[in-house]
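Asks: Chain L is already provided as a structure; the job is to place chain E on it using the hints.
One-letter residues, chain by chain:
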Amino acid sequence: MAAPDELFCWEGDWGLPSVSTDCLVVLAYAQFAGAPLKLRKICNPWRSPSGSLPALKTNQKETLSRPADIIIHLRKQKFNADYDLSAKEGADSLAFISLMEEKLTPALIYTFWVEPKNYVDVTRRWYAEHMTFPLNFFLPGRMQSRQLEKLRLLRGDESLEAGEELEKELYCDAAECMNLLSQRLGSQKFFFGDSPSSLDAYVFGHLAPILKCKLPNGKLQQHLKSLDNLTNFCSDILLLYFPRDGRESSGPKAPPQPDGGDFDNVPNKRRKQLLSALVALGAMLSYALLTGMVSILHVQQGALEEPPDLEPIESHQHEEQGGS
Amino acid sequence: DLEVEPAAEPWPENATLYQPLKEDQILLSDHASSLAVQAYLRMCGLPVQVLCRVNSEFMSPSGKIPFIHVGNQVVSELGPIVQFTKAKGHSLSDGLDDVQRAEMKAYMELVNNMLLTAELYIQWCDDATAAEISRPRYSSPYSWPLSKILAYQKQWEVRRKMNAIGWGGKTLQQVYEDVSQCCQALSQRLGMQPYFFNKQPTELDALVFGHLFTILTTRLTSSELAERVKSYSNLLSFCRRIEQTYFEDKSS
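The listed protein sequences correspond, in order, to chains L and E. Count the first sequence with UniProt numbering and you get residues 1 to 324, in order. Count the second sequence with UniProt numbering and you get residues 1 to 252, in order.
Bear in mind the hints are in silico, worked out from the structure with no lab data behind them. Glycine included, each C-beta is placed from N, C-alpha and C at the ideal position. Some hints here could point you the wrong way.
Calculated pairs, DSS-like style, for lysine-lysine (alpha carbon to alpha carbon, straight line, at most 27 Å) [as the list claims (entries may be wrong)]:
| no. | chain 1 | residue 1 | chain 2 | residue 2 |
| --- | --- | --- | --- | --- |
| 1 | E | K170 | L | K168 |
| 2 | L | K150 | E | K86 |
| 3 | E | K170 | L | K61 |
| 4 | L | K117 | L | K38 |
Selected chain L positions facing chain E (in silico; Cβ < 7 Å) [stated by the list, open to error]:
| no. | residue |
| --- | --- |
| 5 | E102 |
| 6 | L180 |
| 7 | S187 |
| 8 | D194 |
| 9 | A288 |
Computed footprint of chain E on chain L, listed as stretches where at least three residues anywhere in the stretch have a Cβ under 8 Å from a Cβ of chain E [what the hints assert, rightly or not]:
| no. | stretch |
| --- | --- |
| 10 | 89 to 99 |
| 11 | 232 to 241 |
Pulled out of the complex, with its shape left as it was, chain L reads as follows (with noise of 0.2 Å):
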């Protein structure tokens, strides 16, 4: 085989070896169908060939960007993991990766993207950490108005806004569309025997952030994680196809300061905010020294004291009577 096709995907974390969800359906397909990939992980879909994340780059310089079409591609280079399937397993394959499409994917937007509290605190300062300067301004603002967008479309809403109601019937879907899931699983190892295929790696690449990743609102984790089998199905699948990752997991979210609180956990953050207090004070001085407002007379009557804002005039007549 000639050299082996790139894939550009984002970088994992919380124990993953992608925190996206598509990226992470190609890649446990790769290993489930055992393609050699060069993993090029990124947190920059800028660098990406089609300027999305994930991105296979095959060796006919060809960029494909669905985990639909990139397993197809595999599949024709005769690395497919559903061989063994029969035409009904195939079908259901099919309808199950539908259904989760359906139901699975407007709940994992919203509690990623659209819950204020999750976006703030762990996906937006999640991607602004790991993207470099200047992208981490406006780029995880950038992907969350588009994540909102589609969403809206997704549910026919135009003027869909995060809100309790929103909120309970996307969870209420996802949680029926994990139970099904897990009926169909029931105590098998893989959802067709005992080796794992195409719908193994969707599953896989839905659940496995919900599973993983700790948010401050966790409803739809506390819902999976009552749920046995399918925990132990994601575990079972890290254990055995990434465990790299897996040992790189130190427990719950562990942000980098040992700080508790929300806002205060980077030391950095007060001096910046000391900083540009100062930066401000000094213009506005400045400014007033310059345009006259001001001015630094060696006398003791304080007119130094005088705010910017009283008018000019006044203040030079009133300069006798002493300031405010």
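Replies: Structure of chain E alone, referenced to chain L:
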């Protein structure tokens, strides 16, 4: 949108189902959804009168066709309607065990995810079909310039959705391939049985019938979509069987 009443009120005689005008206005995807609901209600033995109204889409609580008006409640789309009838004590899927119910729900999502999306794509993202059929039909009740505005607005909305779910980059041939794949999966699951879960029809049968029958009987710019469905003979006999059993009072 759905208020589930614990007390099972009897199904009133004057229940109505609203859809756009059949001859001139309704589009393939809406007709498929409407036929699915009609089939489901007939399978449950619940009488409903079909009323064609020009502004059905705007009357619907969720903006989607069809919707039913039962007593003093209005419910739209097959999923909520199934739940609504279940609350009134009518259900087709009670006899299924857990694994079968999981499969039924999954296959219903397969139809929504692949067939319905493909229908929307062909109607609105294929320029030929959109110009010759979809836009004229969608805007037929309105006069210029409202007709143009509404038609292009709908087209733009559907195209944005296609882009968001990753279908924007697909070619028409790829969409036909997806339809074939979906039909193959359905054909596999149906096998030689009369209905998807052997002897009794369920909401899955109603949904599949609604879509396949509409595809087979609707004229589009190209007959490729119908041809793809026709290549699965067990699906054809399935549609014929349901038509004869539940719609025999309909003329032809």
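Asks: Work down the list of hints and note, for each, if the structure agrees.
Replies: Results of checking the hints against the structure:
no.	hint	verdict
1	E:K170 to L:K168	violated, 34 Å
2	L:K150 to E:K86	violated, 32 Å
3	E:K170 to L:K61	holds, 19 Å
4	L:K117 to L:K38	violated, 36 Å
5	E102	holds, 5 Å
6	L180	holds, 4 Å
7	S187	violated, 12 Å
8	D194	violated, 19 Å
9	A288	violated, 51 Å
10	89 to 99	holds (count 8)
11	232 to 241	violated (count 0)
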